[in-house]
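*Asks:* Here the protein sequences come in this chain order: A and B.
One rule links them: number in this note's numbering = place in the first sequence (from 1) + 41.
One rule links them: number in this note's numbering = place in the second sequence (from 1) + 41.
Simulated from the structure, these hints should not be mistaken for laboratory data.
Only a predicted model underlies this, so the values are computations on that prediction, with no experimental measurement involved.
We treat Cβ as the ideally placed atom computed from N, Cα and C, and that holds for glycine.
Relax, there's no trap hidden among the hints.
In silico contact screen, one side only, chain A against chain B (beta carbon under 7 Å); selected entries:
| hint | residue |
| --- | --- |
| 1 | S188 |
| 2 | G192 |
| 3 | V213 |
| 4 | T214 |
| 5 | T373 |
| 6 | G444 |
| 7 | T472 |
| 8 | T559 |
| 9 | I624 |
| 10 | V685 |
| 11 | Y692 |
| 12 | V696 |
Below, computed lysine-lysine pairings styled on DSSO-like, alpha-carbon distance capped at 30 Å:
| hint | chain 1 | residue 1 | chain 2 | residue 2 |
| --- | --- | --- | --- | --- |
| 13 | B | K123 | B | K66 |
| 14 | B | K673 | A | K107 |
| 15 | B | K547 | A | K513 |
| 16 | A | K632 | A | K513 |
| 17 | B | K632 | B | K513 |
| 18 | A | K155 | A | K165 |
| 19 | B | K165 | B | K241 |
| 20 | A | K694 | B | K107 |
| 21 | A | K107 | B | K94 |
| 22 | A | K505 | B | K628 |
| 23 | A | K103 | B | K677 |
One-letter residues, chain by chain:
Protein chains: 2
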Amino acid sequence: MQDGNGLDHLAGERAMAQFDLQAMKVYLAGGQREYEISTKMAQLVANDPVFSKEDRVRLARKDLYKNSLRKAGHAWKTILEKGLSEVEGLKLRHFVDEPTYTDLHWGMFIPAIKGQGTEEQQHKWLPLAYKMAIIGCYAQTELGHGSNVQGLETTATFDPTTDEFIMHSPTVTSTKWWPGGLGKASTHALVYARLITDKKDHGIHAFIAPIRSLEDHTPLPNVTVGDIGVKFGNGGYNTMDNGFLRFDHVRIPRENMLMRLATVTKDGKYVRSNKPRQLGYGAMVFVRQGIVIDASIYLSRAVTIAVRYSAVRRQFGNKDEPGELQVIQYRTQQSRLFPLLATAYAYRAVGFWMKSLYADVMKRLNDNDFSTLPEVHACTAGLKSITTSVTADGIEECRKLCGGHGFLCASGLPELYAAYVPACTYEGDNTILLLQVARFLLKTLSQVSKVRPVGTAAYLGNIKQLSTQNCKVSQGHDWLNTSVLLEAFEARSARQAAAVALRLAKGSGSEAEFQENTPELVESARAHCQLILVSKFIEQLQTGTPEGIRKQLEVLCYTYAFSQLIDNAGDFLATGYVTGNQIALAKEELKHMFDKIRPNAVALVDAFDHTDDYLGSALGRYDGDVYTHLYKGAFKESLNDTVVVDGYEEYLKPVLTQNLWAPHSKL
Amino acid sequence: MQDGNGLDHLAGERAMAQFDLQAMKVYLAGGQREYEISTKMAQLVANDPVFSKEDRVRLARKDLYKNSLRKAGHAWKTILEKGLSEVEGLKLRHFVDEPTYTDLHWGMFIPAIKGQGTEEQQHKWLPLAYKMAIIGCYAQTELGHGSNVQGLETTATFDPTTDEFIMHSPTVTSTKWWPGGLGKASTHALVYARLITDKKDHGIHAFIAPIRSLEDHTPLPNVTVGDIGVKFGNGGYNTMDNGFLRFDHVRIPRENMLMRLATVTKDGKYVRSNKPRQLGYGAMVFVRQGIVIDASIYLSRAVTIAVRYSAVRRQFGNKDEPGELQVIQYRTQQSRLFPLLATAYAYRAVGFWMKSLYADVMKRLNDNDFSTLPEVHACTAGLKSITTSVTADGIEECRKLCGGHGFLCASGLPELYAAYVPACTYEGDNTILLLQVARFLLKTLSQVSKVRPVGTAAYLGNIKQLSTQNCKVSQGHDWLNTSVLLEAFEARSARQAAAVALRLAKGSGSEAEFQENTPELVESARAHCQLILVSKFIEQLQTGTPEGIRKQLEVLCYTYAFSQLIDNAGDFLATGYVTGNQIALAKEELKHMFDKIRPNAVALVDAFDHTDDYLGSALGRYDGDVYTHLYKGAFKESLNDTVVVDGYEEYLKPVLTQNLWAPHSKL
Ligand SMILES: Cc1cc2nc3c(=O)[nH]c(=O)nc-3n(C[C@H](O)[C@H](O)[C@H](O)COP(=O)(O)OP(=O)(O)OC[C@H]3O[C@@H](n4cnc5c(N)ncnc54)[C@H](O)[C@@H]3O)c2cc1C
Ligand SMILES: Cc1cc2nc3c(=O)[nH]c(=O)nc-3n(C[C@H](O)[C@H](O)[C@H](O)COP(=O)(O)OP(=O)(O)OC[C@H]3O[C@@H](n4cnc5c(N)ncnc54)[C@H](O)[C@@H]3O)c2cc1C
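Please model the entire structure based on the sequences and the hints provided.
*Replies:* Okay, structure coming up:
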């Protein structure tokens with residue numbers, strides 16, 4: 042997708058490509074319809090000056106935030122005016138590409154009401170939310186309590202005399218802290234609080250609390266609310282008003298407790314409903330599928346920038362050729378960059394698979410079949426953890442691969458990192474999620490003789506064989522076999538899990554022993570998830586990939602699998618499944634893959650189809666015209682408004698003229 | 042060093058410490074005198090409101106920069122007023138803790154004149170520079186050329202008719218781009234340019250070019266100069282005016298070429314001097330020693346914050362104890378955090394060793410003994426590369442270890458990262474530096490039968506034995522032996538180097554074959570450097586560490602060595618030196634080390650002696666009073682200046698009232 046208007050400096054690169062670019066674009070978009078919607082929405086945003094990201098890194102927080110309100114309002118207006126569908130609207134907001142209060146309103150507030158509200162409550166709140174007559178946020182985390190939701194301190198005490206809950210923040214640590222959209226935009230908060238009826242603590246429940254006047258937007262009486270302050274990066278997440286919130290005995294009607302799973306009656310009785318709690322799992326799978334696709338998108342943006350720039354950038358020569366070499370020619374550059382390119386493709390494929398997983402879960406939930414849920418829960422938790430961590434690190438790696446210029450915001454990379462990296466923390470801290478996976482693996486193994494493991498854990502049913510049979514690769518090309526690769530990842534994961542399970546089984550089963558082994562447990566969870574990623578990438582390729590792109594996808598799939606194997610060689614070797622020599626052979630095969638990627642590299646990132654507007658990067662421009670745009674860009678810097686800088690008279694001249702003590706010096 | 046004034050929430054932690062805190066502080070400072078200077082300068086800065094960092098993340102670029110000029114001027118004034126020594130002045134600027142133009146003036150401009158100027162030139166320029174009557178920067182990098190200095194395009198063409206050089210920027214890519222202090226502050230630039238006399242190109246030489254008027258600071262005629270724009274992070278490196286510079290046939294006197302190593306005579310003859318070029322190596326070792334110490338300091342700041350906060354932060358419970366557990370109790374937290382603590386100590390020790398290396402080099406240079414230079418060059422290049430990469434990643438890891446709150450600038454960590462991470466790129470891209478180490482290793486190995494390797498490469502003389510004898514550890518405590526550890530790191534490094542050398546030896550010795558093997562070469566360079574780090578940490582401990590801290594340092598040393606061993610297990614295993622079982626034993630020993638660190642953790646970071654002012658972190662406060670300070674901090678956010686946010690009328694009200702199309706809406 043070309044926004045430039047001059048020469049294409051990368052035309053030579055593009056001419057080398059050996060696959061059907063258009064087919065790849067459609068594949069990556071997830072289908073023809075999705076491709077068309079994406080293209081349309083991307084252009085809509087790119088062509089609308091209100092959505093420009095130009096100044097983002099140069100605005101002070103107030104202006105940045107105000108401009109983000111402007112964009113969010115304009116996006117909403119565009120959606121209504123053009124009568125966009127829900128999918129189109131979502132895409133449009135995606136391409137606007139900055140965190141804002143509507144993310145939480147649509148992504149957390151509304152789904153929570155849908156999931157936890159009774160039909161009556163949905164009927165009351167959803168129409169208001171759908172037309173944005175109220176703006177909601179999701180207020181769970183507190184200053185002193187995050188991961189451990191059961192530790193939240195905010196109280197909702199029922200007062201039967203008035204049929205109200207009294208919302209209260211008893212301590213500093215009970216202050217709600219972090220909710221996006223809370224700080225300045227929301228009129229309502231979905232508050233998680235400790236439900237107390239008749240002095241009895243019923244644990245954490247959800248409440249809808251009005252927090253700002255619908256008349257004039259002032260905070261309601263006894264509500265203290267505001268923004269928690271500046272976060273990592275220039276623009277980054279600073280377009281979002283992550284907020285704090287304190288209640289000083291604020292009363293809300295009893296009906297504002299979301300009552301699908303439990304009710305408080307007028308006379309203060311607490312009654313659990315008989316609705317299965319598992320129903321919420323569907324939403325969770327949906328959200329995590331989105332996270333994995335997002336990981337692919339973010340990583341692909343960074344990779345697009347780094348690949349294009351590496352094809353433009355030249356350093357050092359070689360006796361055989363005139364001029365300097367493109368840095369993409371260097372093996373070290375390839376060995377850091379191409380695996381990330383392959384990873385972006387892998388996560389896309391796995392995201393597609395998760396879509397089908399979601400459909401499967403929804404069907405089963407409908408049929409009251411909860412049998413696969415533990416496996417699905419572990420699998421999606423693990424994939425969230427791995428893909429977000431790898432993507433965050435991958436963006437930074439791409440930035441470093443761009444040398445000095447990557448450090449400029451004009452490269453687009455610092456912003457991308459700052460906006461993405463909290464994904465490692467929210468929706469579940471990545472370490473804690475892996476510990477959940479580990480618990481699932483232990484449980485599965487402990488029952489393996491009785492219960493046949495399902496889905497992504499099915500291989501554990503095969504543990505005996507996987508534990509004894511070693512890798513048979515004796516020549517490089519033996520590795521070019523997906524079953525050989527799959528078995529390697531299965532054996533490694535099964536062995537790591539079995540080893541730590543065995544150690545735990547020898548003990549008393551105490552929590553302290555579990556704790557003691559958590560580093561190994563986390564490693565084994567990671568191994569399990571890496572297997573899922575490799576296997577699902579392979580699986581996706583084997584099911585009807587169009588001819589014109591199959592070969593490239595295979596190369597990327599091998600690249601991904603080999604680089605995972607090599608990066609984790611310590612694990613593979615320690616389990617005894619492979620030898621050092623087999624790893625060395627895989628390294629050679631990986632280099633052959635690099636040779637196959639090299640001529641296609643630029644086209645493979647073109648296939649992600651990011652507009653120049655969306656990338657926002659002078660280094661990643663489609664036309665490769667990097668240097669003129671970096672240079673032009675500098676003239677927008679505010680410090681260049683005057684040739685002599687503001688501060689010269691006060692702070693530089695006195696230094697230069699040794700007049701530091703003169704009365705006119707205001708130092 | 043306590044700045045707080047209330048309760049010490051970490052008193053319990055401190056009471057557990059088992060070592061002599063004061064002795065550790067002195068050790069880490071590098072001696073009693075250094076300790077006293079550091080303490081004095083840190084307090085001087087902390088107590089001076091001009092140096093406050095409070096608002097840094099909230100200022101728009103212009104204000105941020107102006108305030109940084111103010112601080113730099115004030116620091117200079119303080120130095121002069123108080124008659125501070127050079128060492129004291131350096132420390133003072135260190136504690137002011139923001140990148141600014143004086144860094145380049147003192148750190149690059151002046152040393153370059155000293156190193157490359159004739160005595161006459163030094164006599165002319167240095168007095169001006171010392172009193173800051175001129176401000177200089179170091180202008181090497183161009184828009185299109187960085188790492189490959191020989192590719193620079195700026196020309197300095199000698200015109201014998203006027204006895205001048207004509208400085209010229211012939212292309213966009215020849216624009217000087219990045220030099221710190223160039224954008225807005227400098228009056229002079231040390232410019233690297235292609236020297237041309239009589240149409241002959243003599244390659245890259247250094248010139249002093251005046252760029253701004255000493256009268257009114259306006260750019261001189263035909264000089265285009267400015268700031269290159271916003272960089273990663275809020276404050277971060279944005280206090281620095283990294284600049285661009287173009288010359289349009291600007292004339293400077295012939296004497297402005299730095300002529301220590303080569304001269305251009307009045308009639309345009311180019312004459313090399315007979316001064317040994319190696320003399321510059323001393324300065325390089327000095328700079329890199331500083332980089333390693335800096336790595337330790339930066340990492341220790343992040344670790345201080347993460348350790349203290351991990352002792353304050355509580356999540357989840359355990360049946361055996363009431364309340365939630367401190368997250369520092371969790372093994373996963375320890376396994377990510379304590380190795381970084383040990384690394385900060387390791388780098389300090391290695392930095393001290395490099396000081397003695399510097400002294401040795403200077404002595405040898407004086408005696409015209411250049412024999413150790415290749416080894417010293419490789420060693421210091423590698424240490425720069427490894428320590429900066431590990432430190433940058435380590436800061437981010439510490440940030441993630443703080444969960445959500447780490448993402449707030451109030452944690453101090455985002456700023457720390459943004460200001461530090463370019464160290465991976467400047468003073469030599471880290472990958473390119475490792476390739477230099479690799480070339481040295483190859484050369485050393487190729488000559489090993491004839492030339493005895495020296496210094497940090499001496500172990501390669503022992504390569505036969507290291508290649509055949511495997512690790513003898515059979516029980517966990519066998520690892521608790523520094524010679525066993527040293528041999529492991531030596532064997533692994535020697536074997537990796539030998540393996541790649543062997544493969545290259547089989548080939549034709551072409552550059553293409555070298556290229557093909559660069560990924561393995563980089564790995565072997567890394568192995569060599571990790572050995573140096575482990576061995577020098579051990580060596581430093583064995584030479585007169587005070588009794589009261591020896592045990593703790595030993596624990597940290599083992600922690601460091603074991604975690605290096607485990608993180609690189611793939612390499613150790615692949616070389617066949619260790620077995621999976623031996624690695625597993627090391628993992629157990631590492632956990633024992635964690636148990637020994639745990640009660641000392643807070644005291645071990647206290648020993649770094651960072652003031653609250655210097656840390657600038659609500660999470661890392663000495664008194665552990667995290668939550669009240671996070672909460673208070675939020676009220677300084679500009680968005681909280683009004684309860685109803687600026688933008689409500691224009692952009693929120695129309696959304697909430699479905700009045701998006703009403704004429705008063707300015708969307
Ligand atoms: C940008 C951003 C947006 C957010 N938006 C929202 C929002 O809209 N609404 C909302 O309610 N919240 C929001 N949050 C908060 C977020 O959900 C929490 O920060 C997140 O859940 C992590 O919890 P924590 O901060 O308490 O981390 P902690 O749990 O305190 O983590 C600190 C450290 O302790 C470790 N740790 C904790 N428990 C254990 C354990 N049992 N075992 C081993 N290690 C452990 C962690 O691994 C981590 O290293 C947001 C956060 C951010 C950064
Ligand atoms: C904050 C900051 C401050 C700076 N201050 C100054 C200053 O004061 N004065 C000054 O002159 N400059 C300064 N610089 C510039 C800095 O010195 C260069 O950015 C640095 O030397 C890296 O060079 P580069 O940007 O050309 O990277 P490149 O060399 O273009 O690197 C891009 C990629 O190519 C790879 N690559 C390049 N060559 C090879 C090879 N032969 N083999 C394998 N891989 C290769 C690199 O590993 C990297 O991944 C500064 C830069 C920054 C970020």
